[in-house]
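Participant: Listed below, chain by chain, are the residues.
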Amino acid sequence: MAVSVDEAVSTGPARDHPPPARRLGGRSRSVLEVALLTVLAVVMLFPVLWMIETSIKENRDVYAVPAEFFGFTVTMDHFKDVFVGPDGGRSALSVAFLNSILVAGASTVLATVLGVPAAWAYSRFAVKAKKDQLFFILSTRFMPPVVVVIPIFLMYRQVGLIDTKLGLILIYAAYNLPFTIWMMKGFVDEVPAEYEDAAMLDGYTRLQAFRRFTLPLLVPGIAATAVFALIFSWNEFVFAIFLTSSDSVRTAPPAIAGLIGGTTVDWGLVAAASVVFALPVLVFAYLVRKHLIAGVTLGAVRR
Amino acid sequence: MGTVAAHGLCKSFGKVQALDGVTLDVPDGSFFVVLGPSGAGKTTTLRAIAGLEKLDAGSVHLDGRDATGDAPATRDLAMVFQNYALYPRHTVYENIASPLRARRCSSREIAAAVERMSSLLHIERLLQRRPAQLSGGEMQRVALARALVRRPRAFLMDEPLTNLDLKLRVEMRTELTRIHRSLGATVVYVTNDQVEALSMADQVAVLKEGKVQQVGTPTEVYERPANRWVAGFVGSPPISLLACHAEGDRLVGAQGWTLPRPRWTTAQGGRALLLGLRAEDLSVEQCGDASLSGELYGLEPLGDRTVVDVLVGTEILKVKARPTVTGRPGERLSVAVDLDRAHLFDADTGLSLSGAGR
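Chains A and B, in that order, give the protein sequences. Everything in the first sequence is counted per the numbering used here, starting at 78 for the first residue and increasing by one. Everything in the second sequence is counted per the numbering used here, starting at 259 for the first residue and increasing by one.
Honestly, the hints are just simulated from the structure, not real lab data. Note that CB positions come from ideal geometry on N, CA and C, so glycine has one too. Where hints are given, some of them may not hold.
To be verified - Computed list of lysine-lysine pairs in DSSO-like fashion (alpha-carbon distance at most 27 Å, straight line):
1. B:K273 with A:K207
2. B:K312 with A:K208
3. B:K312 with A:K207
As the list claims (entries may be wrong) - Using C-beta positions, here's what the derived DEER-type ranges look like:
4. A:A270 with B:L560: 55 to 61 Å
5. B:G394 with A:V116: 49 to 55 Å
6. A:R283 with B:G394: 27 to 33 Å
Work the whole structure out from these sequences, hints included.
Facilitator: Take a look at the structure:
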């Protein structure tokens with residue numbers, strides 16, 4: 078007689094005995110779990126909540142002691158100040174946001190356009206000393222940006238890339254390329270090479286075979302990889318603050334940091350700018366969350 | 259249609275020598291089977307012919323023209339892959355149309371060709387599905403249709419029936435033979451299944467560890483194996499090999515038996531030999547002038563026949579018998595040997611000593 082798993086598990090003598098107490102049992106465990114998760118969530122999210130609150134408080138409420146969590150007057154003035162300058166024109170911060178969008182977008186596109194074919198080549202072809210090459214590529218990520226920023230500053234000054242958006246785009250693309258190659262190689266490895274073999278016998282060239290039959294299968298992987306690259310470029314601070322100085326070139330992270338440091342700090346403006354800065358990444362990550370998980374769990378799931 | 263000639267193919271993957279001087283000549287219009295166990299280099303041979311594998315040495319000639327360095331697309335070959343390699347994003351229709359699209363045929367031509375192929379292979383109702391929605395047998399037909407949709411120089415087939423269940427495999431075997439006959443196409447067919455090889459092939463090349471052991475018709479390979487390895491690989495149940503040596507006009511077994519020395523052999527006295535006996539050339543049911551005695555070791559009833567395992571000393575003889583045969587393990591038996599159909603091999607080199615005159 079066929080017995081389903083549920084029947085097999087829920088009947089029988091074992092039912093009367095509790096399972097070995099490996100973990101805290103049943104309900105009490107879930108209460109503890111929820112409690113711990115709540116504490117963790119508060120600790121993690123408090124700065125974010127505080128940032129959001131500060132961004133909608135009037136300046137006198139920002140400095141109120143004791144701090145007011147509720148019952149303050151809500152204002153959108155800080156958000157207006159983020160985009161509109163004191164003279165009524167475009168603010169420096171809004172220019173910085175546009176720069177950020179351009180630099181992060183262009184560097185991501187560049188890294189992807191270069192990285193995907195490279196990953197394909199490393200995955201498909203017999204390259205001499207392939208492992209050494211791949212390790213070398215990865216090793217460029219081992220050092221933090223601040224280690225290389227001085228030599229790059231000097232080089233950029235020589236070739237006139239200092240304080241240009243192109244300079245930032247190039248350095249971000251270079252910094253994202255190893256990551257793109259490694260992550261994409263994993264995705265390409267998962268696509269059977271036989272599709273390309275079959276396409277070549279059908280009469281397509283190697284590149285046509287890649288473009289028509291492999292590339293469409295890589296789209297989720299490319300999306301996941303590009304999001305990671307985009308987030309890096311969007312958040313990058315060290316290169317940006319060393320390699321750019323003028324308001325027309327600067328990206329958002331150094332521009333926001335630049336708000337702090339005068340005799341008085343307009344915390345409301347800093348908080349509002351930070352909220353505006355955080356939103357795109359949050360929204361974008363939410364939209365492609367499925368691909369992100371596919372990227373993070375790469376190789377763990379059999380597809 | 260055309261000829262395929264591979265000469266001295268060598269290919270190594272790291273330390274593994276996959277192909278070690280493989281030479282094949284496939285005549286126009288023949289069904290040429292490359293037979294060998296897994297790891298023998300069969301698939302690599304096929305991929306080398308297709309241009310998917312860069313060779314260390316050797317050449318590939320198609321229709322007499324050197325095509326060694328040519329890109330796969332320009333070789334005008336069609337291939338059926340072992341795992342079918344159907345494009346997962348494309349419908350069955352688009353999969354079959356792919357070789358024609360690559361050649362920029364008009365959509366009217368394509369529609370006609372796909373229709374012709376799908377009716378030939380009975381897959382008309384699958385055309386709008388995607389590969390993931392097909393069963394193994396259906397995928398196999400689609401892969402075949404994609405190869406057959408145009409008329410290339412030759413078809414390369416890499417174990418196309420391996421992933422099918424037995425019934426379907428037998429069916430498709432007949433179908434493939436039929437298609438081959440009707441098209442008169444050159445086919446290079448790779449398999450590890452000797453039944454496929456013997457039943458479908460015009461010519462068989464037996465491959466082992468990257469070396470061609472023997473090329474011949476299925477009958478030649480079965481009846482006159484070039485060496486003990488081919489003898490052991492081709493045939494089911496496998497041939498029984500008994501250690502012996504020649505003494506005057508007798509063969510003396512290492513297990514103490516003696517048989518008359520066959521007239522046809524070129525074997526010299528004193529050398530270590532192996533006597534190869536196929537199950538159908540042995541009998542436990544009738545007596546002959548040449549016989550071996552042993553004891554019953556076991557019975558393998560196979561429905562249409564029973565294979566009787568007979569222990570001769572410490573060596574086992576596999577004997578084909580009628581399905582009605584009975585016996586108890588340990589029972590003494592006499593096995594009649596048809597020496598005219600026996601094989602002798604040099605025990606050291608493994609080469610056949612049966613002589614060409616047979």
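Participant: Hints numbered earlier in the text: which of these fail when held up against the supplied structure?
Facilitator: 4
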